[in-house]
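Line by line, the protein sequences are chains U and Y. Mind the numbering: the first sequence is residues 3 to 216 in the working numbering, read in order. Mind the numbering: the second sequence is residues 3 to 216 in the working numbering, read in order.
The reader is advised that the hints may include incorrect statements.
The list cannot tell twin chains apart, which means a pair is met if one copy fits it or any two copies do.
Straight line, CA to CA, 30 Å or less: simulated DSSO-like cross-link-like pairs of lysine-lysine [unchecked claim]:
| hint | residue 1 | residue 2 |
| --- | --- | --- |
| 1 | Lys-39 | Lys-190 |
| 2 | Lys-45 | Lys-57 |
| 3 | Lys-190 | Lys-65 |
| 4 | Lys-164 | Lys-39 |
| 5 | Lys-57 | Lys-190 |
| 6 | Lys-57 | Lys-67 |
| 7 | Lys-57 | Lys-164 |
| 8 | Lys-45 | Lys-164 |
| 9 | Lys-190 | Lys-164 |
| 10 | Lys-67 | Lys-164 |
| 11 | Lys-65 | Lys-164 |
In short, the hints are calculated from the structure, not lab data.
Protein chains: 2
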Amino acid sequence: MGQPQARWNDRGATRQHVRNVRLEIILQSAARCFNRKGYQATKMGDIARELGVSKAALYYYVKSKEEIIFQCHSAALDVAMEGVQMAEALADPADVKLYVALRHFIEGMTDRLNGCVVLTEGMLSPRLYRDLVRRRDEYERRLRGIVEEGVASEAFAPCDPKMVVLAMLGAMNWIPRWYSPDGERTPKEIGETFARYLVRGLGQGGFHEHGSAV
Amino acid sequence: MGQPQARWNDRGATRQHVRNVRLEIILQSAARCFNRKGYQATKMGDIARELGVSKAALYYYVKSKEEIIFQCHSAALDVAMEGVQMAEALADPADVKLYVALRHFIEGMTDRLNGCVVLTEGMLSPRLYRDLVRRRDEYERRLRGIVEEGVASEAFAPCDPKMVVLAMLGAMNWIPRWYSPDGERTPKEIGETFARYLVRGLGQGGFHEHGSAV
Chain U
3 MGQPQARWND RGATRQHVRN VRLEIILQSA ARCFNRKGYQ ATKMGDIARE
53 LGVSKAALYY YVKSKEEIIF QCHSAALDVA MEGVQMAEAL ADPADVKLYV
103 ALRHFIEGMT DRLNGCVVLT EGMLSPRLYR DLVRRRDEYE RRLRGIVEEG
153 VASEAFAPCD PKMVVLAMLG AMNWIPRWYS PDGERTPKEI GETFARYLVR
203 GLGQGGFHEH GSAV
Chain Y
3 MGQPQARWND RGATRQHVRN VRLEIILQSA ARCFNRKGYQ ATKMGDIARE
53 LGVSKAALYY YVKSKEEIIF QCHSAALDVA MEGVQMAEAL ADPADVKLYV
103 ALRHFIEGMT DRLNGCVVLT EGMLSPRLYR DLVRRRDEYE RRLRGIVEEG
153 VASEAFAPCD PKMVVLAMLG AMNWIPRWYS PDGERTPKEI GETFARYLVR
203 GLGQGGFHEH GSAV
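Okay, chain U solo, but in the shape it has when bound (with noise of 0.2 Å):
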């Protein structure tokens, strides 16, 4: 383990390129120590063993764990965004627009990022825990968008968007917390299911309470 540059193994490609690309991979490899040991028990040395490298080679691209975590936020939210910017572009009525920015964000998150511990406030600065819930915010607020876009084209019935958001984000962030590479289901098949799942509930028609016990 001398010479750790010797095992990160890639060629010819510029080096911003190759920082994000390590990044990406420290970033998946350090998610996966997270979920299965958790963030406080897991030490810099657990992931650069994971990773196969040193631990210098770890720090010659991350600082310290907080900046780890904060890095696999940012990057979860990144995806996010992105679906949601792809849906807001789309000239599709909103079931097919939610589906497309579920469907991105839960495979991308899955397959880029072996989806991403759940954070909680200690574990970063105040300052950058802000920055996160900021952009997390947004992303939420953009999501309700499109479902009270859906509600007022009435592809959707009629429901209370603050609460249905909220689900789907708690089914989509749980995902870390059963998903793994070695699993059935690619992460393909999972966004695809879940995103389809989550918008079917908002639909027209389908399940009205009734019956003797409700």
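Assemble chain Y onto chain U, guided by the hints.
Here is chain Y on its own, set in the frame of chain U:
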């Protein structure tokens, strides 16, 4: 605070009943602290302060933070199982059963426990952790049973029952991350809205992927 007993303030009830009620209040306050500060950062002293009792009074009921987190999750699983049992006893179609099971859990968990902090493996001794996982797996299996019954009876569209149950669990388990007893929605409203949305997602008809971008 020299006389902690004086602060509990309950009269005329059997000893066991008083003990149970107090334990539930402890779990509720502890869950609030965990959700606010994170489990690791919360000390027994914080929970005692939240309750307005001395640490000695708190230790009279629970031995440790580990016991509290175990009891929190155990109580949440009791509520979950109660709901699924009620549902299984009904003669109604699967959509009604599922609605009853989910609503009972969401409303009960939110109302009685303020939800509960997300459990990670490191928090508990392996034996206690395994015990919770065993019961959680049973809950998951029984919810899946209702979904499969609904698919078989065509109350629900064909789906991947394992995935949709994981989506439901995620939506529900995420509630503690945003729920506040001072928020605008009551536990009853949250239970109804979530259960309706999560059951509808399984319905026949409704959204199918289509449109230019899918």
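With 30 Å as the alpha-carbon cut-off, assign the pair Lys-57 and Lys-164 to within, between, both or neither. neither (44 Å within a copy, 39 Å between copies)
Is the C-alpha distance from Lys-57 to Lys-190 at most 30 Å within one copy, between copies, in both cases, or in neither? neither (33 Å within a copy, 51 Å between copies)
Intra- versus inter-subunit Cα pairing at 30 Å for Lys-45 with Lys-57: Within. Shortest intra-copy distance 10 Å satisfies the 30 Å Cα cut-off; inter-copy 33 Å does not.
Treating 30 Å as the Cα threshold, decide for Lys-39 and Lys-190: within, between, both or neither. within (26 Å within a copy, 35 Å between copies)
Indicate which option fits the pair Lys-57, Lys-67 if close means a Cα-Cα distance not exceeding 30 Å: within, between, both or neither. within (12 Å within a copy, 34 Å between copies)
Reference check for the pair Lys-190 and Lys-164, CA-CA at most 30 Å: within, between, both, or neither? both (27 Å within a copy, 16 Å between copies)
Intra/inter-copy verdict for Lys-67 and Lys-164 if alpha-carbon distance must be at most 30 Å: neither (33 Å within a copy, 33 Å between copies)
If the cut is 30 Å between Cα atoms, do Lys-164 and Lys-39 qualify within a copy, between copies, both or neither? between (33 Å within a copy, 24 Å between copies)
Within, between, both or neither: how does the pair Lys-190, Lys-65 come out at a Cα-Cα threshold of 30 Å? Answer is neither: 33 Å inside a copy and 46 Å across each miss the 30 Å cutoff.
Give the relationship of Lys-65 and Lys-164 under a CA distance limit of 30 Å: within one copy only, between copies only, both, or neither. So Lys-65 and Lys-164 fail the 30 Å test inside a copy (37 Å) and across (39 Å) alike.
What label fits Lys-45 with Lys-164 when the C-alpha limit is 30 Å: within, between, both, or neither? neither (37 Å within a copy, 33 Å between copies)
Comparing the model with each earlier hint shows violations of hints 3, 5, 7, 8, 10 and 11; every other hint is respected.
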